[in-house]
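**Student:** Chains as they are written, first to last, in the numbering used here: chain A, 1 to 191; chain B, 192 to 506.
Everything labelled a hint here was simulated from the structure, so no lab data went into it. A couple of the hints might just be wrong.
With a straight-line Cα cutoff of 30 angstroms, these simulated DSS-like cross-link-like pairs (lysine-lysine) come out [what the hints assert, rightly or not]:
no., chain 1, residue 1, chain 2, residue 2
1, B, K257, B, K195
2, A, K102, B, K227
3, A, K102, A, K60
4, B, K195, A, K92
5, A, K92, B, K219
6, B, K227, A, K92
7, A, K102, A, K92
8, A, K60, A, K155
9, B, K219, B, K195
10, B, K219, A, K102
11, A, K53, B, K219
12, A, K92, A, K53
13, A, K10, A, K53
14, B, K227, A, K53
15, B, K257, B, K227
16, B, K347, B, K449
17, A, K92, B, K257
Covered by chain B, according to a simulated footprint, are these stretches of chain A (three or more residues, beta-carbon under 8 angstroms) [as the list claims (entries may be wrong)]:
no., region
18, 88–101
19, 114–127
Built from N, CA and C at the ideal position, the CB exists for glycine as well.
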Amino acid sequence: MHSEERALEKVIMSEADVRRALVRIAHEIIERNQGVHNLVLVGMRTRGVPLAKRLAQTLKELEGVNVPLGQLDITLYRDDFAMRHLQPVVRKTEIQADITGKRVVLVDDVLYTGRSIRAAMDAVMDFGRPDRIQLMVLVDRGHRELPIRADYVGKNVPSARDEEVQVRLVETDGRDEVVILRPEAPPEVAK
Amino acid sequence: MNRKHVLDLDDFTADEINLVFENADAMKEILSRPIKRVPTLRGLTVVNMFYEASTRTRVSFELAAKNLSADVVNITSSGSSVVKGESLVDTIITLQALGADAIVIRHPEAGAPYLVARHLRGSVVNAGDGCHAHPTQALLDSYTIRERFGFVSGLKVVIVGDILHSRVARSNVWCLSKLGAEVVLVGPPTLLPPTGNGQSSRLGLPPVQQSYDLDSVLPGADVIMALRLQKERQQSGLLPSMREYVQLYQINRTRLSKANPRVLLMHPGPINEGIELAPDVAYGPQSVVADQVTNGVAIRMSLLYLLLGERGGGA
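Model the full structure from these sequences, guided by the hints.
**Tutor:** If you want it as structure tokens, here you go:
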């Protein structure tokens, strides 16, 4: 990575912050649901999947129960194809557990406009009728365009629309951290 | 995928074919759900124009479009203005005006989909044109092979039957060659492209091996693909007798046992049982004929998604 880009990047959660946030959220999930017996964790591709796995691991350490895990690709449910020029490869969705009557916790890395979550809820409903759907995100950066809120939040990060919030995880990016990227200052008018 | 139409596979790269396969994997998962429908192509209209009899291809395209929430209109030549003498171009202009976003066309004349593509602003998918091409069949065939073996490259694929008149064989030669398979075309001399053994044919296909002798090419075969033999071929003098064809080219248990023990038996359908395939092997343990049909829906969903996904209304 170029040094100029580094200068515009600010770490807002360290590896330890991410770990502590997940442990706290695991406790919140247990408390809110009076245990974990009726839960199914569904990670949203890409980074929601490893986050859901870690959460399941922590829940197991705390409660001694294996919480069923699923993974969801929302590409086919998105409402913003026309705005995205790159045609993504659709990955497989895997939800083995029967979610009817269960409490589904959707897991994603960043909550922004809420459109991905809307798509994910539609997708989950195609697999059954959950008792309720809850949402866990590592970062809530604001700017919602839909009436959606998270039940469990790692960190609230006020951000500007032209900034970018990136969650990096060991499983996908080689290390754990959350950074905020500022756009480069407008270049001096040259010529 | 950076293309508007799927007319044949001659202009596909191996990467593009693999992109179609990767998306088809996700589509197969949708087919296994209780509710086999996603909102991706909501608001788009797909017109199926079938100017030639077809069950599986037409139903497969219809289900693929409906699973992606597109609206589907079916047109057959017998029930349309074709019987009143309307030209193909006029029909296309009419469908364009009615708001067709994509046309899937099966036509008895080779090249018809290319003509349609010149007049339609939307996408055209060739569902079989004369003796020319049947790209979605070839894609689903290679996808089925990949699903069973995990790869296509290096496999020996024997295609047997009326190669000369087969759009399935032609598109398969393109697809399999691009994916690195070794293709051998087998049939009676009158039904093979006019060329000597081991040379590229004059059909403009990549060079592949050809043989009249099925039994000599079976050892080491990983896939045997039998083609439908149309009975008209005998009437037009290209075959001395059906009995002779059956003796020399029918896939039966004895012939299957000469191939690789893991050999897959494929057929694009509809099968003439007792001619290309002996009845006991048609749906026997080596047969993947039913998988081909299921995979056809996934492949067509993948293609429609890649062609139209950017324009779809989504959820």
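**Student:** Give me the numbers of the hints this structure contradicts, sorted from smallest to largest.
**Tutor:** Going through the list in order, the structure violates no hint and respects every one.
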